[in-house]
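Please build the complex by placing chains S, H and X on the supplied structure of chain Z, with the hints as guidance.
Chains as they are written, first to last, in my numbering: chain Z, 1 to 148; chain S, 1 to 209; chain H, 1 to 572; chain X, 1 to 281.
Note that these hints are calculated values from the structure, not bench results.
Any given hint could be a false lead.
Calculated from the model, a selection of chain X residues having no Cβ within reach of chain S, i.e. all distances over 12 Å [unchecked claim]:
no.: 1; residue: P27
no.: 2; residue: S28
no.: 3; residue: G46
no.: 4; residue: M54
no.: 5; residue: D76
no.: 6; residue: D79
no.: 7; residue: C81
no.: 8; residue: Q90
no.: 9; residue: V117
no.: 10; residue: A138
no.: 11; residue: P218
no.: 12; residue: N238
no.: 13; residue: G249
no.: 14; residue: V260
no.: 15; residue: R265
no.: 16; residue: R278
Pairwise CB distance ranges, derived in the manner of DEER restraints [said to hold, decoys possible]:
no.: 17; chain 1: H; residue 1: V273; chain 2: X; residue 2: P27; range: 55 to 63 Å
no.: 18; chain 1: X; residue 1: V233; chain 2: H; residue 2: N533; range: 34 to 42 Å
no.: 19; chain 1: X; residue 1: D79; chain 2: H; residue 2: E524; range: 46 to 54 Å
no.: 20; chain 1: H; residue 1: E524; chain 2: S; residue 2: I105; range: 35 to 43 Å
no.: 21; chain 1: S; residue 1: K195; chain 2: H; residue 2: I111; range: 21 to 29 Å
no.: 22; chain 1: H; residue 1: P540; chain 2: S; residue 2: S110; range: 19 to 27 Å
Even for Gly, the Cβ is constructed at its ideal location relative to N, Cα and C.
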Amino acid sequence: MIPLMNAFACLLSLAMAQFLWHKPIRLFKEAFFLLLALVVFGFYAFFAGDISQPDMESYPFRMLALCLCFSTTALPNKRRRYLLMAQVMWLWIEFFGGISLYYHGVDMPWTRILAICVSVFGSTFLSRISQGMEFALMAYWIAVWVFF
Amino acid sequence: MSLLKRQGAFFGVAPLKWAGLVFAVVFAFFLADFLFCQKAAPVRVGADTSGPNTIAFLHELHGENIGLDCSHCHTGAASGARAYMPAKADCMDCHRLPLTENPGIEKLDSALAAAPAYPWAHKSELPEHVVFHHGVHTAAGVQCADCHRSAGNAVPANAGRGPAKKNTMADVYGGDNFSMQSCLACHRGETFKEKNFRPAATYCAACHR
Amino acid sequence: MIFRILLYAGLALLLPGLAALGYSLWEGPAAWSLDTRTFWGTPISLFVFWIGLAHAGTLISAILLALGVPLDRRTSMLAELTTLCALVVAAVFPLMHLGVIENFYMVVPFIDARGNFANVGSPLVWDFCCIAIYAILSLVFFVIHLLSDRFQALEDLRRPMAWLLFPLVLWVHTIVSLDFAVTFVPEWRGAFFPLYFIAGAIYSGLAMVNVLLVAEGCRVRMLEKLMVAGSFVMLAFWGWNFALKGDWNFSVFAFGALLPQLWWVSSFRESAVGRLLVSASVLFGLWLERFYLVMPSEPQGFGWTDMGLIAFSLGFFITLLVFLRIKLRKPIEGDVLLFGELDEKPVPVVEHHTEPLTSREFIVLRFPLLVGVLVALVYTLWAVSRPAFDSVALGVPHVVAMFFPIVALVAAFVLCIRPFWTIVPRSRFTVLASAAVIVVAAFLAGMFYAGGSSQKAVREAGADIPSETIFDGTVPDSLHARALWNARCSSCHGTDGKFNEKFIREFYPVPQKLTAARLDSIGEDSLVHVILNGRANMNPYEGRLTEADARALVRYMRSLAPETNDSAEVAP
Amino acid sequence: MMAAGFALFGCRDGLFGPSIKGKVKSPSLSDFENEVRLALSMQKSGFNLVRVPMPEALKTPGASQENRFGMAIDLDSCDGCGKCVLACIQENNIALAGAERAKLGQFMHWIEMHGGVPSMCFHCGDAPCEKVCPTGAANHTPDGISAMMYKRCTGSRFCGANCPVHARKFNFDDPVATGRSHKFNGNVPVRAQGVMEKCSLCLQRLQDARHDFKALHPLESWRGRGVTTACAVACPKNAIIFGNWLDEGSPLVIAAKNRVLYAPREVAALNPSIVYMRGYR
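Looking at chain Z on its own, in the form it has when it is part of the complex:
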């Protein structure tokens, strides 16, 4: 059940990622799409999952982070930097969200955090991001998202 929900969430964020960072990049356009994405994710999390579950508290924002990760692969320039930042944001949410939940007796999602760390570290070495590499990264993120 949970993996299924995650998989759909993954598809959703992949879909929302299509709207972001299309030339010409305009501040308000991006901000609006971010808002849109968050609203969509929020509704998804609200209806698909059980809100009372503590690990649902940050669900839409984790989806947003994933969405940003996806979208950065389509960036015109400075991709590696923004790729890194998007993944670090994801890491951030997982890690500090995990800490706050840890005090409520929920275990830290160490495997997921480590997996993201690995991809962050790995993608610092990307010279230019080829189609194949984009695909590999996306596959990796999806795997982390759905299964960890």
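Coordinates of chains S, H and X only, in the frame set by chain Z:
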């Protein structure tokens, strides 16, 4: 290279100044520690010669040499929570009889006659949020003199943390230099190693309420 | 001119505010509105608000710098100045809201003479350290910026420092958010609080900078647009908060997200007053948000003290800011001013690929970061090894929160020491001043180490007199009896029933031998009578021992006496 | 600025010291009885209880494996008379709330009635209050008491905010100077202004009993036999039973062995040492 040069600039110029700075830092630290640390005034019990017909009480006349242990007069020192001060009745247990041929005996008798029913009072008190049970420590093999250093053997309460001050006063007993620091040092087994006491409790609620 | 008006306004707010502050220091937390569920109240809401501003200032200037978005010197310096002043204001409130202010040093995770140690698992301790470190570093950042036009060495420091501060700021504000997210208060549950707080901080910070720019009589369109864009994002957070816990505050929504949309009206946008109103409403809305966040239950008796504290924070901030702004007029305004149309068309960036881990910042930061990590590791291990944690199960999440700030502090120190060493003039004054600072720091460290002294208790008179028996209650068992014997009788009769030679032979006529047989023949009752009322040389213990004690003593004495007829000298 | 200076040096009372507040005579027992009556009249709504297992030894490092003190409150025999509240006040020198706070229902009582059921600090095995206390003033003894070190408390009130059942009471102002406290029990210090206080499971009784025992039997292990709390003594129905969860012979284990144990939903997951008993297994 440049690093070396910088270090030259660092230390080559005036090593004395740097030494002075370091000294000042250390001095300031310990000065502040001394000024703000937990104080406990030394307490002199006994040798109180104020008043016309009073006589200095000397612990060494009443202690080991005649085989009396502390808990005879300080009731409870060996088994109770508090080590109490003797009432006049306790003194008179022995002093009913002329115990010496010493010519000062009349003065002693008059002093005893003049003494109130409860001649002694504690001069040092623990804060009321601190619990100390004499009996527990005696049972654990701690000697009275380990904490209350006497003229006989000078084992200060801060043994191990500083030089054992050989006290020159006739009779310094009681809570001089007691601090949570010295209690904890012993409870953690950092002091009195040679006596190898059993490890003692170090959690707050063991001694605080 | 405008500054003078602001200064007077600030003072006008500050003085009554000081009165309120003084009163709440005198009265303690009872002064402002609290109840059984709201333990923090106004001061902490103010703290969160101002610390948010404090983070936003550096965040804006450091992020833009780190990301290579050009921002003119004057604006970025204003942002950094905001940071410093807001930090000073914010620092007052956690301190003054304490119940026992003189114990605040116990929050510092620093060894103390008694071996006590702060609980490094508590978000408050993280707060204290993170904010202190952040204050130091943002001050350094500001000073570097201030002097950077005169020394190239410092100009080169700015981007590495920005890369240090950028994560640090986010980290510190995340920690602030954890103060709430960690608790069991239902209104504060939210693993998304880190992002929420950071977004709120940036949003309010942008508003604050825009307000100041209005005061400066100029505008930076990019920042305005960022602010309006921020209002969208905040909406999303509030919406999710509502979905999660069902608490929705209309006034926050109105001031924080609705009114700012007036910016779209061009006449509003173009007039300074309009921009001021928009930014001010954002600030007010976000303050309301913090206020309702910190007070889970409806605040009871929200009174003039709370008002006064709010006025104090505002007045203090304005006064400080304007004062510094006037003092630093030359370095802030001195530089070439490029205002305005920076963000209209993003400058095309040529994609020049740098090998991984070889960018200039990284090469400069490599060694300092290494040192920082080492120091932080050593500190963490040392802290965890303190005896305070003998009975605490510490996990990684407990100790990790202070890790990066320490890294950043040490790294920044290592980074800056050399350029500063090269540029600081070797005048007698600077040397003495720095030495004095170091010594004072050492003195403070000593104070922390010493800790406070707990005053002695005063024992009410007569408490020294032992109650008629030291074992009250039940009839003493043999162990009690032995203790009694050793305390009361052994000095003459000896702990083992043999006489205390030293004492007896010298002073007393030796009592007659007393064997077990004789003891039995005398009988228990009469022995008890002897103990209580005395006999030839035996002292009466009436009033010092109960009859139960005496009886127990007799039984004990009997147990000491050997059955054989010879050499038993137990005597009453 | 001067005020800020006070803040830095922690002069809570400003320049003049506490003496300016003057000496006030301490209230009489009847005042406390009246307050207890008032508290009973405006008592809070009941908890919703969930079943919990019998408390076991704590897992935390250094926790004792032979002592874990706690209480069981028998809901079948408790009639909510509130004598335990008064007994607790007299044992622990708990201060009066004062008129205006009493109106708001903010009493200092360590035992409060929730829907006719006495409730105090549940001495949770992993207590949230202790996790967030910055100074470590709130900490756990090896034998399972969540203790408060009042001299170590800096009054940040984080513990109070984080207690799911709001069992912690804050001393908003000086109980002695404002004449709201009466020292019934010389063994328990009256808490100063600005510290958080709560049920200590009559820590002082346990300490004294342990010491007297250890003084005579230094080598034996102390199981807390014969000790009981003030509220347990005061209860006319013997509905409150104090004891040692890990000692088969303790009255607590004997009483709770074949009963169904409950705890409030908020703390059920936190391994409470104090439970409610209702019905038989």
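Hints and how they fare:
1. Remark: the non-interface label on P27(X) is consistent with the geometry, its nearest Cβ contact in chain S lying 21 Å away (cut-off 12 Å).
2. The claim that S28(X) is not at the interface with chain S holds, since no C-beta of that chain comes within 12 Å of its own (minimum 23 Å).
3. Distance check on G46(X): its Cβ is at least 31 Å (rounded) from any Cβ of chain S, clearing the 12 Å threshold; non-interface status holds.
4. With a cut of 12 Å on Cβ distances, M54(X) stays outside the contact zone with chain S, its closest approach being about 24 Å.
5. At roughly 33 Å, the least C-beta separation between D76(X) and chain S is larger than 12 Å, which holds for a residue marked as non-interface.
6. Every CB of chain S is more than 12 Å from the CB of D79(X) (nearest about 32 Å), matching its label as outside the interface.
7. Non-interface status of C81(X) relative to chain S is upheld: no Cβ of that chain comes within 12 Å, the nearest being about 28 Å off.
8. For Q90(X), the condition that its CB be more than 12 Å from all CB atoms of chain S holds, with the nearest at approximately 16 Å.
9. Residue-level check passed: V117(X) sits 27 Å from the nearest beta carbon of chain S, beyond 12 Å.
10. Its closest Cβ contact with chain S, about 10 Å, brings A138(X) to no more than 12 Å, contrary to its assignment away from the interface.
11. Separation of P218(X) from chain S is inadequate, the least Cβ-Cβ distance of about 4 Å not exceeding the 12 Å criterion.
12. Listed as a non-interface residue, N238(X) keeps its Cβ farther than 12 Å from every Cβ of chain S; the least gap is roughly 27 Å.
13. Its beta-carbon lying about 24 Å from the closest one in chain S, G249(X) satisfies the requirement of being farther than 12 Å from that chain.
14. For V260(X), the condition that its CB be more than 12 Å from all CB atoms of chain S holds, with the nearest at approximately 31 Å.
15. For R265(X), the condition that its CB be more than 12 Å from all CB atoms of chain S holds, with the nearest at approximately 29 Å.
16. The beta carbon of R278(X) is kept farther than 12 Å from every beta carbon of chain S, the shortest such distance being approximately 31 Å.
17. Our hint of 55 to 63 Å for V273(H) and P27(X) holds, since their Cβ atoms are close to 59 Å apart.
18. The beta-carbon spacing between V233(X) and N533(H), approximately 37 Å, falls within the hinted interval of 34 to 42 Å.
19. Checked against the hint of 46 to 54 Å, the C-beta distance between D79(X) and E524(H) comes to roughly 49 Å, which is consistent with it.
20. About 39 Å separates the C-beta atoms of E524(H) and I105(S), a value consistent with the hinted range of 35 to 43 Å.
21. For K195(S) and I111(H), the Cβ-Cβ distance of about 27 Å falls inside the hinted range of 21 to 29 Å, so the restraint holds.
22. Evaluation of the 19 to 27 Å hint for P540(H) and S110(S) yields a pass: the beta carbon distance comes to about 23 Å.
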